[in-house]
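Number of protein chains: 2
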Amino acid sequence: MNEFSLIENFFADCTQKREDVALAVGDDCALMTVPPGCELAVSIDTLVAGVHFTAEVDSAALGHKALTVGLSDLAAMGAEPAWATLALTLPELDRAWLAGFTQGLSKLARSYGVQLVGGDTTRGPLAVTMQLHGFVPRGKALRRDGARPGDGIYVTGTLGDSGLALQARLEGLQLSQEALCYVEHRLDWPQPRVHEALALRPLAHAAIDISDGLAADLGHILKGSGVGAAVEVEALPLSDSFRASLELEQAWALALTAGDDYELCVTAPAEYHDRIQAVLSDRGCPCTLIGTIEEEPGFRCRRRNGASFIPQQQGYRHF
Amino acid sequence: MNEFSLIENFFADCTQKREDVALAVGDDCALMTVPPGCELAVSIDTLVAGVHFTAEVDSAALGHKALTVGLSDLAAMGAEPAWATLALTLPELDRAWLAGFTQGLSKLARSYGVQLVGGDTTRGPLAVTMQLHGFVPRGKALRRDGARPGDGIYVTGTLGDSGLALQARLEGLQLSQEALCYVEHRLDWPQPRVHEALALRPLAHAAIDISDGLAADLGHILKGSGVGAAVEVEALPLSDSFRASLELEQAWALALTAGDDYELCVTAPAEYHDRIQAVLSDRGCPCTLIGTIEEEPGFRCRRRNGASFIPQQQGYRHF
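So the sequences go chain by chain: A and W.
Position one of the first sequence corresponds to residue 1 (the UniProt record's numbering), numbered consecutively onward.
Position one of the second sequence corresponds to residue 1 (the UniProt record's numbering), numbered consecutively onward.
Simulated from the structure, these hints should not be mistaken for laboratory data.
Each hint should be verified, as a subset may be incorrect.
Here are the simulated lysine-lysine pairs, PhoX-like style, with alpha carbons at most 25 Å apart [to be verified]:
| no. | chain 1 | residue 1 | chain 2 | residue 2 |
| --- | --- | --- | --- | --- |
| 1 | W | K107 | W | K223 |
| 2 | A | K223 | A | K140 |
| 3 | W | K223 | A | K17 |
| 4 | A | K223 | A | K107 |
| 5 | A | K223 | W | K17 |
| 6 | A | K17 | W | K17 |
| 7 | W | K107 | W | K17 |
| 8 | A | K140 | W | K17 |
Bound-form chain A, shown alone (with noise of 0.2 Å):
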C-alpha cells in the first residue's frame, strides 16, 4: 500500500461531507468557499511523539486531541469551525493503530461539523500536525489585544486537571484511582470550548485558550492590550477531583501553570456579567469571574486577604 491510497482508505470518508467543499481529498489542492463577510481564521499545530504524547497512547484519543488543539484555536478567536487538513508522520504503516485514530478524528469532527479536506501521509517520526479553518464575521474575531482595563477575567470550566494527569503519568504522583481517572479522561479527551466561545463572541473584549497555562496565556492578552491583571486565587476554578488530590497552594501553582487545559481565557466588561453567566449556564459550562484588568502592567497573583501569591512552575516551553 502506498501513500495514496493510505489517505483514501483510512481519512477520504471519515468525516461528513460540507457544502462548502468543492474538492477534498484527492487533488493536488482542496477547494472550499468562504461565506460572504467572514474572514477565514486558521490554526496549525504539531504534536509529536515523545515531547507531547507518549508513545503509548491510545490513537483515538490522539486523533481526538490532534484535532480538538485546533478546534481551541478556533473558539480563542471565536470563529466557528468548518474544514481540517492534516499530516500525519508515522514510522510504519499499522492499520489498527490508524483506524484509532481516525475514529477519535472523525468522531469529534463530526460533532462540530467539520470536514477534512486533505492531507499528506509520510514515513517518519510519529507526528501529528493539523490545520483547521473556520470563519467568522469581518472584525468580530476575539483577539489578544482587545483587553481594557475593568475588564473581568473569566475562565470556562476547571484548570489544572491535565496537569495533574501528566504528574502522575510521568512523575508517579499518587492519586486516587477516582481522580486519576478523571483527570487522565480530561487529559487524554479534552473538548474544545467551541458552542461556548461563539456564545461569548458578542460579549467578550480579549480571548485566549489555556494551553499553556493561566498565567502564560493571560500574559499574552496581558502583552498584546498593554494591560496588566489581578487575579484572586481562591477563585480559580477547580475540580473536585484536583482539590482532594493537592494542598490547596499546591493546587493554585498548578492550576495557575500547567498546560492542556483547552479552556477558555475571556475578558469582558464588568456590565456583561449576568449575561456572561446566563449564556454559559445555559450550555452547562461554569464560568468563572478570577480577576480583573488593570491599567498597571503585570500580572498579579493575590490571596484574598490581599497577601501576593507567586507560582513556582511556568507555562511548558519547547526550548
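Following the hints, put chain W in place on chain A, whose structure we already have.
Here is chain W on its own, set in the frame of chain A:
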C-alpha cells in the same frame, strides 16, 4: 528563548505584508479574506529529515523547497498563491540554521507575493510541514478529472534532473562536474511553475504537478478522468546534463519515474497547441507535447517506431 519568541523573532517579518491579511503570526489564529468569486485552494505537505532530505542539506535550500512543494500544488490547480503556514519541528534551537531556513523561505515567498501568516514551532525530530493557500475563480480550477480523449499531454521544463541528482548523492552515480552542479541545483532549488500554470489555466483540461514521477502523476490524471494515455519516449524533454549522463533507455526510464521535478503535466485540446506554445515561450518556459489522451484506459509508453517501452522504476512510495 521559548517557542513563542522563536516564531516571533524568525518568522513574523520574514515575508511581505498582504492587504488581505487582517491578523498574522501572534494570536490563536490568523485572519484573512478570500476575494469574492474565488475558491480557496489549500495544500499541506511534510518534509521529514532522512526521508525527503538528508540532515546535512543547506537550511536555506530546505526553506526554499518546503515552500516550492506547496506552491507547485497550487500551480497544479491553476491557483494564485496568497498565504503560507509553517509547522516546524526542530531537534534543537540553532540560530544559524534557522536564519538560513528563513532566508530561503522568505526569498521565494516574496517573489510570489506569499505572506507567512501563522505557524507552530515544536521540539522533536527535524521535519517541516507547510500549508499553502491560494485563490482560483470559482469553477475554474485545473483538476485531475478533466482530461478528455484527443487532448495533448504537455510537460513544462525537463524531466528527471532531480532524480539523477539523488542517484548521484545517495547511490554514488558518477557525473561530470558540470552535470552534477546542474542537476543538484534542480534538486535543491526547484522553481514552482506558478506563472506558467496561471497562463495555462484557460487552455488546459487537467493538470498535476510532477512530484512522484511522470508515470505515477499522469496516472492520477488518467484514473481521475477515466481515460488512458500514449506517451512517446523520444519526446520526453531532457536537459543536456541529463542526456549526457545516461544511456538513452536509462534516461527515458528515469525521466518517466523520478520524483521531485515540480514540473507541470497538463492535458489540453489539440487545437490549443499553438496558443500553449505562445503563452509559455513568452515566459521562457519550454512546454513539450509528449503524447495523447486516449479513450482506452492504461498508460502506454512507445518508441517513435511504435515499439512498447516499459520503464523499470516506479515513483517513490513511502510505505
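- Message: Tell me the hint numbers this structure goes against, listed in increasing order.
- Response: Hints 1, 4 and 6 not satisfied by this model.
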